[in-house]
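Chemist: One-letter residues, chain by chain:
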Amino acid sequence: MPVRTTLHHRHLLGIEDLSPEELNLILDEAARYKAVVGRNESLDSLRGATVVNLFFENSTRTRMSFEMAAKRLGAYVVNFDVATSSFRKGETLLDSVQTIAALGADYVVMRHNNSGAAKFIAPHFDACVINAGDGEHEHPTQALLDAFTIKEALGRVEGLGVSIVGDILHSRVARSLIWCLTKLGARVTVVGPTTLCPAGLGALGVRVSNDLDEGIAGADVVYLLRIQLERQRVGRFPSLGEYRRMYGLDDQRLRAASDDVLVMHPGPVNRGVEITDEIMGRTSSLVVRQVENGVPVRMAVLALLDRHGGAA
Amino acid sequence: MSERTTLIRGGHVVDPSGSVDAKLDVLVREGRIIEVAPKIDKDRAQRIIKAKGLIVAPAFIDLHTHLREPGGESSETIATGARAAAMGGFARIFCMPNTSPVCDSPVAVKQVLDRAREACGVRVYPVASVSRGMSGEQLTDFGALLRDGAGAFSDDGLPVANAEVMRSALECTRDIGAVIFDHCEDLSLTGAGVMHEGEVALRLGLKGIPRVSETAIVLRDCALSLATGGRLHVCHVSNSESVEAVRHFKSRGAPVTAEVSPHHLLFTHERVGAYDTHAKMKPPLCEESDRQALIAALEDGTIDCIATDHAPHAPALKADTFDHAPFGIIGMETAFASLHTAFVMTGRWSLAFLIEKMTAAPARVMAREAGENPWGTLRVGAEADVVLLDVEQEYEMSLEHLGSRSRNCPWLGQRLRGRAVCTMVGGRVIHVEADRIAGVAATA
Numbered sequence: 003m004p005v006r007t008t009l010h011h012r013h014l015l016g017i018e019d020l021s022p023e024e025l026n027l028i029l030d031e032a033a034r035y036k037a038v039v040g041r042n043e044s045l046d047s048l049r050g051a052t053v054v055n056l057f058f059e060n061s062t063r064t065r066m067s068f069e070m071a072a073k074r075l076g077a078y079v080v081n082f083d084v085a086t087s088s089f090r091k092g093e094t095l096l097d098s099v100q101t102i103a104a105l106g107a108d109y110v111v112m113r114h115n116n117s118g119a120a121k122f123i124a125p126h127f128d129a130c131v132i133n134a135g136d137g138e139h140e141h142p143t144q145a146l147l148d149a150f151t152i153k154e155a156l157g158r159v160e161g162l163g164v165s166i167v168g169d170i171l172h173s174r175v176a177r178s179l180i181w182c183l184t185k186l187g188a189r190v191t192v193v194g195p196t197t198l199c200p201a202g203l204g205a206l207g208v209r210v211s212n213d214l215d216e217g218i219a220g221a222d223v224v225y226l227l228r229i230q231l232e233r234q235r236v237g238r239f240p241s242l243g244e245y246r247r248m249y250g251l252d253d254q255r256l257r258a259a260s261d262d263v264l265v266m267h268p269g270p271v272n273r274g275v276e277i278t279d280e281i282m283g284r285t286s287s288l289v290v291r292q293v294e295n296g297v298p299v300r301m302a303v304l305a306l307l308d309r310h311g312g313a314a
Numbered sequence: 005m006s007e008r009t010t011l012i013r014g015g016h017v018v019d020p021s022g023s024v025d026a027k028l029d030v031l032v033r034e035g036r037i038i039e040v041a042p043k044i045d046k047d048r049a050q051r052i053i054k055a056k057g058l059i060v061a062p063a064f065i066d067l068h069t070h071l072r073e074p075g076g077e078s079s080e081t082i083a084t085g086a087r088a089a090a091m092g093g094f095a096r097i098f099c100m101p102n103t104s105p106v107c108d109s110p111v112a113v114k115q116v117l118d119r120a121r122e123a124c125g126v127r128v129y130p131v132a133s134v135s136r137g138m139s140g141e142q143l144t145d146f147g148a149l150l151r152d153g154a155g156a157f158s159d160d161g162l163p164v165a166n167a168e169v170m171r172s173a174l175e176c177t178r179d180i181g182a183v184i185f186d187h188c189e190d191l192s193l194t195g196a197g198v199m200h201e202g203e204v205a206l207r208l209g210l211k212g213i214p215r216v217s218e219t220a221i222v223l224r225d226c227a228l229s230l231a232t233g234g235r236l237h238v239c240h241v242s243n244s245e246s247v248e249a250v251r252h253f254k255s256r257g258a259p260v261t262a263e264v265s266p267h268h269l270l271f272t273h274e275r276v277g278a279y280d281t282h283a284k285m286k287p288p289l290c291e292e293s294d295r296q297a298l299i300a301a302l303e304d305g306t307i308d309c310i311a312t313d314h315a316p317h318a319p320a321l322k323a324d325t326f327d328h329a330p331f332g333i334i335g336m337e338t339a340f341a342s343l344h345t346a347f348v349m350t351g352r353w354s355l356a357f358l359i360e361k362m363t364a365a366p367a368r369v370m371a372r373e374a375g376e377n378p379w380g381t382l383r384v385g386a387e388a389d390v391v392l393l394d395v396e397q398e399y400e401m402s403l404e405h406l407g408s409r410s411r412n413c414p415w416l417g418q419r420l421r422g423r424a425v426c427t428m429v430g431g432r433v434i435h436v437e438a439d440r441i442a443g444v445a446a447t448a
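As they're listed, the protein sequences go chains A and B.
Take the first sequence: its position 111, counted from the start at 1, is 113 in our numbering, and no numbers get skipped.
Take the second sequence: its position 10, counted from the start at 1, is 14 in our numbering, and no numbers get skipped.
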């Protein structure tokens, strides 16, 4: 066990704010929780605490995962599905947040469709704020569970070559993953058409490729992002068929890339677009493992945040 | 108008319109400047304004402000906007037509003028829209609007998208000698963008506004100006390619002028930092190389003048996520102070250069530098629009220095040097800091 058992942070707003040591602390703690949960031991580090899931944007998976994690640590969980309720009724985010703050909560897990939303609300809560996805900015717990899954499968993150394929520009998963993996010492390549994967991304410390075969050659991990059909504006690329031909992963291209490559996907998968059925059939176990690992990783985050102080 | 004679005594006069930069007294009678000379006899005046230790300059002219009335009174009114102008040292301000309803009719123009007359005394020039309702389709009645007091024409934030409509607008306004103020932006390229497309936007996950969104329209409209001879004034130039476009068409003889705002001269997209909504404006803050290009363009005359794009938004509107918060910051109270601190204090510009870009230069853009009622000058015979500037005392920019109803000012809390301590319009004192100028009250 590490000597330090809390993060010096009250909030988890983004991976960009964390040091490699802090990332490793979370991953180590998550490994401990995964083992404990497997033995069905009872845990109570959050007993008596209230966790509010504040989702301004729908997300069944992430919300359920946080709910499981909180309950396993003994917390009460209250779900606010703002997107589907009449809660907001045109009031400003700040007004909504002040109402919820007045109700009292120890942890607020927030998803919002505006980048920076978690950072914006954090100063207005006494509670710990956990960013469960803000616009196109960050989704830190997704990156943590992905790093955890890679480490579990390959024994390390440092020195690995990871290629992230798809709509990098609009993806909060990609941003958090880039920060997380580069901080942990992986070499990251991002792959996609210029409209979704612009050259400027190089400023984040990654290699940019607009060619799938070149971009995944020799990779240890290929991480496919969901093409967000619902978010694509007209004209970002000509058609899904064109995307599939140029950036869809199939067996042949995967074999050409490397002999022994791990394929990951944050789900939900568009079968037949970013990934073929055959590869999905072979790799689905890992995609399921990502979901499974979400619970101990989120338990670790909840348990490690410093409720009584710490920098943002 | 005051019948009294006022002597502004003991100050240092900086009047770039006549290359004046010396210790001189200024005598004002019946609202006009009647003498500028060393040591004018104080018995000739009923009122003395002691200007010792202060700079005496023509009061400033701002070609680009938003006063929000009618329709946006929770953010600003003509009265509070005029107060902000007076506190910033401005005597003449142009206000954009993107109000609700849009300023597109003689009635609307007259309403702005009526409300301005009830305000503190700053001269307000309503900019009427180019197209009805700023819809980009049917042109407004330029002649009638001009006759009833419109100062210029602009569809500001909803720029005319259709090139043929813009061409017609330039031809029609050329015939009556009016200027089109052009906010250059291709809204299809801007899309849902909220800040400059670049490294900072990528890191923050914010949608970028590509630089070509501005430059494409600068190029198109300068070309239309060259083709038609219509007077085009390019608003708030923000990037180096747009500067090049203006430079090219000026060299070809197009009747084009351009302005730059203090924030584009001072800040870059790095200023957005951690989603600071006081760094959200259109056009967006660009990169350091753009900022340097803008400074150089102002210095070599490619960009003619400084204009603030004073854009008030009520505090609750700016206290939101970056995506939701509206575009714009206020700027009249801080224009001189921020630029004086950054460019004059550091020795890059002379004081006369900065004052010129806020007085004689905008007067030239509006072709009002000469004639019976010249703007932006302390020449004998001109209307007595005078500002007294304290350029010595450093102070912390705080709410007490704001006249605006809004507070969306990125300079709050910063140490600045340079401030209007007294503003006179047509011989009437409309703003005065009582503790600095003894015995002079602003006329109600």
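I should point out that these hints are in silico values taken from the structure, not numbers from a laboratory.
Note that this is a predicted model, so its numbers are computed, not measured.
Do not take every clue at face value.
Unchecked claim - Here are some chain B residues the structure puts well away from chain A; computed CB gaps all over 12 Å: (1) Pro105; (2) Val198; (3) Gly202; (4) Arg207; (5) Lys211; (6) Ala278; (7) Ala323; (8) Asp324; (9) Glu398; (10) Arg432.
Claimed, not checked - Partial pick of chain A residues on the chain B-facing surface, computed with a CB cut under 8 Å: (11) Thr94; (12) His139; (13) Ala205; (14) Leu206; (15) Arg209.
The beta-carbon is built from N, C-alpha and C at its ideal position, and this holds for glycine as well.
Chemist: Now look at each hint and say whether the structure bears it out.
Modeler: Each hint, compared with the structure:
1. Every C-beta of chain A lies more than 12 Å from that of proline 105/B, the closest at about 23 Å, which supports listing it as non-interface.
2. For valine 198/B, the condition that its CB be more than 12 Å from all CB atoms of chain A is violated, with the nearest at approximately 9 Å.
3. With a minimum CB-CB distance of about 6 Å to chain A, glycine 202/B fails to clear the 12 Å threshold, and the non-interface call is violated.
4. Distance check on arginine 207/B: its Cβ comes as close as 7 Å (rounded) to a Cβ of chain A, failing to clear the 12 Å threshold; non-interface status is violated.
5. Chain A draws lysine 211/B into its interface by the beta-carbon criterion, the shortest separation being 7 Å against a cut-off of 12 Å.
6. For alanine 278/B, the requirement that its beta carbon stay farther than 12 Å from each beta carbon of chain A is not met, with the minimum near 6 Å.
7. Not every CB of chain A is more than 12 Å from the CB of alanine 323/B (nearest about 6 Å), against its label as outside the interface.
8. At roughly 6 Å from the closest C-beta of chain A, the C-beta of aspartate 324/B falls inside 12 Å, breaking its exclusion from the interface.
9. With a minimum CB-CB distance of about 30 Å to chain A, glutamate 398/B clears the 12 Å threshold, and the non-interface call stands.
10. Interface exclusion of arginine 432/B from chain A stands, the closest Cβ pair being 41 Å apart, more than 12 Å.
11. Contact between threonine 94/A and chain B, as hinted, is supported at the beta carbon level, the nearest pair being about 6 Å apart and thus within 8 Å.
12. Given hint, histidine 139/A at the interface with chain B, holds; its Cβ is 3 Å from that chain's nearest Cβ, closer than 8 Å.
13. A hinted interface residue such as alanine 205/A counts as satisfied when its beta carbon comes closer than 8 Å to some beta carbon of chain B; here the least separation is about 4 Å, so the hint holds.
14. For leucine 206/A, the suggested interface contact is upheld, since its CB lies about 7 Å from the closest CB of chain B, less than 8 Å.
15. At about 15 Å, the closest approach between the beta carbon of arginine 209/A and any beta carbon in chain B exceeds 8 Å, and the interface hint on this residue is violated.
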